[in-house]
Amino acid sequence: MSPYILATLLFSLGLGTTITFASSHWLLAWMGLEMNTLAIIPLMAQNHHPRAVEATTKYFLTQATAAAMLLFASTTNAWLTGEWNIEQMTHPVPTTMMIIALALKIGLAPVHAWLPEVLQGLDLTTGLILSTWQKLAPFALLLQIHPADPTILIGLGLASTLVGGWGGLNQTQLRKILAYSSIAHLGWMILILQFAPSLTLLALLTYFIMTFSTFLVFKLNKATNINSLATSWAKTPALTALTPLILLSLGGLPPLTGFMPKWLILQELSKQDLAPVATVAALSALLSLYFYLRLTYAMALTMSPNNLTGTATWRLPSLQLTLPLATSLIATLCLLPLTPAATALLSF
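Last residue of the sequence shown: number 348 in UniProt numbering, and the count goes up by one each step with no gaps.
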């Protein structure tokens with residue numbers, strides 16, 4: 001792809017998200033989301049592979065459906081209340097429709113089925129943009145909607161954590177595993193959205209850091225399925241030793257960064273007298289942890305002299321910059337001691 005076209009598309013991606021961030025009117029927010037969708041579509045289809053074209057088509061159809069639903073919800077709200085302002089979603093019917101539309105945008109269960117299929121058809125770089133940047137604009141809108149009854153958000157959150165855990169168990173493709181991981185993490189964020197929006201932002205930030213590290217590791221190793229991870233020790237031994245820690249951080253184990261949002265979210269849910277919800281969420285984290293441990297096993301415990309489970313690929317020097325990976329890797333592993341500082345900042 002021409003660097004000028006790439007720069008234009010990336011600028012449009014950033015502009016679409018910024019417009020949605022800055023908007024207080026539903027039509028302007030919708031316009032930002034549409035710009036976002038239209039800017040990423042050429043990036044998704046740039047390989048001209050049938051799988052990539054299929055993924056792009058699925059993505060376009062789901063995002064168009066969500067955008068139409070969002071527009072319908074906002075016009076219904078304007079008809080019922082006379083308000084176009086994002087903060088003025090007071091009627092339960094358009095509020096519920098809007099939450100479902102935004103859930104479809106980001107891939108929350110039970111409207112999640114498109115995400116693993118789309119992510120599987122993309123290369124890792126575009127998959128990273130889809131898993132991180134594309135979640136920002138819908139989350140900015142979700143943070144501004146305040147439903148009178150938090151039941152729908154808790155239902156979506158619990159469904160997502162359970163589906164994200166169960167769905168990833170029998171997968172062998174890394175991109176599908178990362179898609180289910182994304183669904184599970186989004187579930188944790190939605191659970192706490194109504195009670196502590198600042199904790200949602202903290203969970204989103206840590207999810208971005210950990211996902212960025214994971215995608216870059218897989219990109220460096222050119223790995224797309226579990227079997228290809230088994231030969232990564234020969235290419236990058238030091239990184240292969242650290243990758244299990246990244247995966248365990250994604251799973252939320254102490255003393256790694258991924259433990260911080262889970263710990264604070266469970267604490268807040270307990271304070272809100274939602275102990276059963278906290279229990280189900282904590283148990284669903286065990287499901288996710290299982291498939292992270294599968295990846296860890298493939299990387300760290302199938303080394304020589306054991307029989308390799310994959311065919312060794314030709315070892316070519318990687319041209320990928322390692323500074324972004326090194327920075328995000330340190331953040332993925334070492335931010336837990338900053339929890340008191342994070343809670344102090346979030347309390348303002």
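Hints are supplied without guarantee of correctness; some may be wrong.
[Stated by the list, open to error] Result set (BS3-like, lysine-lysine): computed pairs, CA atoms no more than 30 Å apart in a straight line: (1) Lys235 <-> Lys219; (2) Lys58 <-> Lys235; (3) Lys219 <-> Lys58; (4) Lys235 <-> Lys271; (5) Lys271 <-> Lys176; (6) Lys271 <-> Lys219; (7) Lys262 <-> Lys235; (8) Lys222 <-> Lys271; (9) Lys222 <-> Lys235; (10) Lys58 <-> Lys222.
It is worth saying that the hints were derived from the structure and are not from the lab.
Tested hints:
Restraint check for Lys235 and Lys219: satisfied, since their Cα atoms lie roughly 12 Å apart, inside the 30 Å limit. Proposed proximity of Lys58 and Lys235 is contradicted: the alpha carbons are some 35 Å apart, above 30 Å. For the hint pairing Lys219 with Lys58, the CA-to-CA distance comes to about 24 Å; that is within 30 Å, so the pair holds. For the given pair, Lys235 sits about 48 Å from Lys271 by alpha-carbon distance, which is inconsistent with the 30 Å threshold.
Simply put, Lys271 and Lys176 have alpha-carbon atoms about 35 Å apart, too far for the 30 Å limit, and the pair is violated. Distance restraint check for Lys271 and Lys219: the Cα-Cα separation of roughly 41 Å exceeds the 30 Å cut-off, and the hinted pair is therefore not satisfied. For the suggested pair Lys262 and Lys235, the alpha carbons sit about 33 Å apart, so the restraint of at most 30 Å is broken. Proximity of Lys222 to Lys271 is assessed by CA-CA distance (about 44 Å); at most 30 Å being required, the pair is judged violated.
Proposed proximity of Lys222 and Lys235 is supported: the alpha carbons are some 10 Å apart, at most 30 Å. Pair hint Lys58 plus Lys222 holds up; C-alpha atoms about 25 Å apart against a cutoff of 30 Å.
Of the numbered hints given earlier, the model fails hints 2, 4, 5, 6, 7, 8; all others are met.
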